[in-house]
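Novice: The chain contents come next:
Number of protein chains: 2
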Amino acid sequence: MICEAPCVNIAVIGLGLIGGSVLRALATAGHTVYGYDVDPATRAAARTAAAQAPAAARWQVAGSVPDAVARAELVVVAVPLPAVDEVLYQLVSAGYTGLVTDVTSVKEPVRKLVEQRLSGPHARLAGFIGGHPMAGRETSGFTAADPDLFTGCAWALCLEPDTSLADWLLLADLITRLGARVVPTTAAEHDRAVAAISHVPHLLAAALAASVADDRLALTLAAGSFRDGTRVAATPPALTAAMCGGNAAAVKPALAKVTDVLADAAAALDSAHPIPQLREWLTTGAQVRGDWPPRAHDRATLPARADVLLRLGRVGGWVTAVAPDRRTVSAVRPA
Amino acid sequence: MICEAPCVNIAVIGLGLIGGSVLRALATAGHTVYGYDVDPATRAAARTAAAQAPAAARWQVAGSVPDAVARAELVVVAVPLPAVDEVLYQLVSAGYTGLVTDVTSVKEPVRKLVEQRLSGPHARLAGFIGGHPMAGRETSGFTAADPDLFTGCAWALCLEPDTSLADWLLLADLITRLGARVVPTTAAEHDRAVAAISHVPHLLAAALAASVADDRLALTLAAGSFRDGTRVAATPPALTAAMCGGNAAAVKPALAKVTDVLADAAAALDSAHPIPQLREWLTTGAQVRGDWPPRAHDRATLPARADVLLRLGRVGGWVTAVAPDRRTVSAVRPA
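Protein chains in written order, with my numbering: chain Z, 1 to 335; chain U, 1 to 335.
Hints are computed from structural coordinates only; laboratory data are not their basis.
Warning: the hint list may mix true and false statements.
Copies of the same chain are indistinguishable here, so a pair counts whether it falls within one copy or spans any two.
Taking lysine to aspartate or glutamate pairs in the EDC-like style, the calculated list, with each CA pair at most 20 Å apart, reads [claimed, not checked]:
| # | residue 1 | residue 2 |
| --- | --- | --- |
| 1 | LYS112 | ASP162 |
| 2 | LYS252 | ASP67 |
| 3 | LYS257 | ASP298 |
| 4 | LYS112 | ASP307 |
| 5 | LYS252 | ASP264 |
| 6 | LYS252 | GLU115 |
| 7 | LYS112 | GLU160 |
| 8 | LYS252 | ASP146 |
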């Protein structure tokens with residue numbers, strides 16, 4: 001396939017569910033893509049899959065990080081948080097000087113690692129822009145990778161005071177062409193938001209499942225509300241731990257907020273009239289969930305300015321396309 | 001359709017999602033079914049749908065409870081808990097003397113209402129057997145009713161010391177023929193189990209949704225774990241409040257169990273090494289959810305005895321069929 005936008009040479013480091021899906025989606029979009037994973041079996045699986053892919057959407061699998069990034073203009077770091085620092089070290093060691101983005105589920109810790117690792121005299125990195133596609137699944141590994149994983153998904157893309165707007169727009173352009181909705185945000189705002197809507201839900205799911213560990217009757221009667229409420233508890237504990245533990249500072253208050261709300265429910269259950277009290281207590285959640293996802297949207301063309309983009313993200317909007325001259329973006333906001 | 005089992009004249013009082021689905025499923029199975037709902041618009045919708053149903057699977061809609069139960073041998077009470085007592089009163093007033101079951105999501109409170117209402121000198125009820133099909137959805141109302149709602153679903157059927165085993169087996173036979181898995185239990189054990197796997201999940205979902213009420217960025221980034229973790233928060237608050245508040249005595253300790261587990265997660269987040277601590281904490285939930293629903297089962301033919309049936313329910317098993325002579329049941333247990 002011929003790229004609609006300028007084609008880029010891209011290296012994807014880490015070929016799990018997200019990295020593998022990024023690799024496949026970028027290859028399908030016509031970019032030249034090199035993949036690498038520290039696990040030889042994953043590399044072998046990625047090579048086998050490449051040979052079976054349509055010729056125009058193939059990728060290459062490198063045997064090392066230096067080989068993967070040798071011709072890259074953009075590196076996508078797609079390893080779990082505990083492995084990010086090692087990959088950054090390898091990028092510096094390989095003399096890589098292009099743009100770097102990542103897909104890790106926390107952004108402040110990665111930003112700090114990048115500052116430490118890439119601020120030395122030997123690091124001449126063009127720039128780093130944190131990213132996070134909101135496309136997790138309870139499956140994992142390259143075999144679960146799907147080039148269509150990002151269609152319609154929100155993809156947070158960090159815009160900090162020191163971010164090059166040109167680089168941000170280049171990435172936003174590339175990511176919107178994968179079908180994703182690019183949400184401009186800062187690392188700190190992202191981490192607070194995902195603590196509430198992703199990390200805490202994983203903890204609630206695990207706690208709910210654990211609470212009936214020894215109750216066979218309950219597990220037999222369990223149906224829809226248990227199935228959905230515990231779905232992400234099946235995620236490998238190492239991944240969930242890295243995600244939640246890596247964002248501990250934001251997850252703690254978000255979890256406390258939920259347990260405070262639950263304390264009100266416990267008080268309602270304890271009251272003389274639990275049914276009307278619970279009904280009142282349930283109203284907010286029912287309203288929020290009933291209105292989500294928003295049904296009506298406004299479309300707008302906005303100037304491609306950092307303050308405008310960040311405000312768009314804060315009111316619940318996103319970028320759907322970047323104009324060829326990079327002066328404006330097409331945006332969508334909840335009505 | 002000709003019933004495979006003896007056909008029964010059945011009245012279904014309350015035609016919401018569950019009552020409407022019971023009505024349609026029983027009619028499809030060939031029984032003679034009369035429906036009634038206190039809401040005239042619901043009755044009209046049920047009449048319109050009956051006219052559109054295949055001739056062999058039609059039901060009738062009565063204009064009052066006495067009309068609905070006039071020829072019934074079995075009454076299914078399918079109204080929310082706060083309305084159950086009024087329906088029981090109407091059954092007694094109408095001189096109904098057959099078998100009664102219900103589909104309410106709590107069983108001890110209904111059992112107590114039945115004892116109070118039907119123990120008087122004017123009540124000559126053949127018997128009451130509490131039931132609960134685990135087939136809730138976030139949709140509600142007759143228009144959401146589905147005759148296939150119970151295919152494969154667990155249907156708790158209460159077996160108390162004073163329950164007629166013959167009546168229990170009659171109902172179990174009828175319900176297994178709707179495709180449901182009949183789980184023998186007591187009202188008390190049922191209420192503890194569903195507090196953990198249904199009522200608490202509803203509270204967690206509502207709390208999670210409420211916690212991000214004012215966070216537009218979070219709601220835009222929200223994806224799979226938020227969608228699933230909050231799905232049942234969209235249930236009408238009146239229904240969830242009746243369900244949880246009507247089972248307050250069992251929901252309180254079940255909720256406390258989950259918040260205790262969450263307190264351990266908060267402590268892990270606070271620790272010097274949150275990632276390994278959380279990983280350890282997450283193991284139980286991942287194991288429980290990974291093993292659910294059980295993949296392997298044993299089949300057995302069991303004597304139709306109350307103690308055997310209750311033991312079957314406690315180890316996570318269920319009844320799939322009742323033998324024609326009512327002396328044995330076909331049962332399934334997790335391996």
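Novice: Output the indices of the hints that this structure fails to meet, ascending.
Specialist: 2, 3, 4, 6, 8
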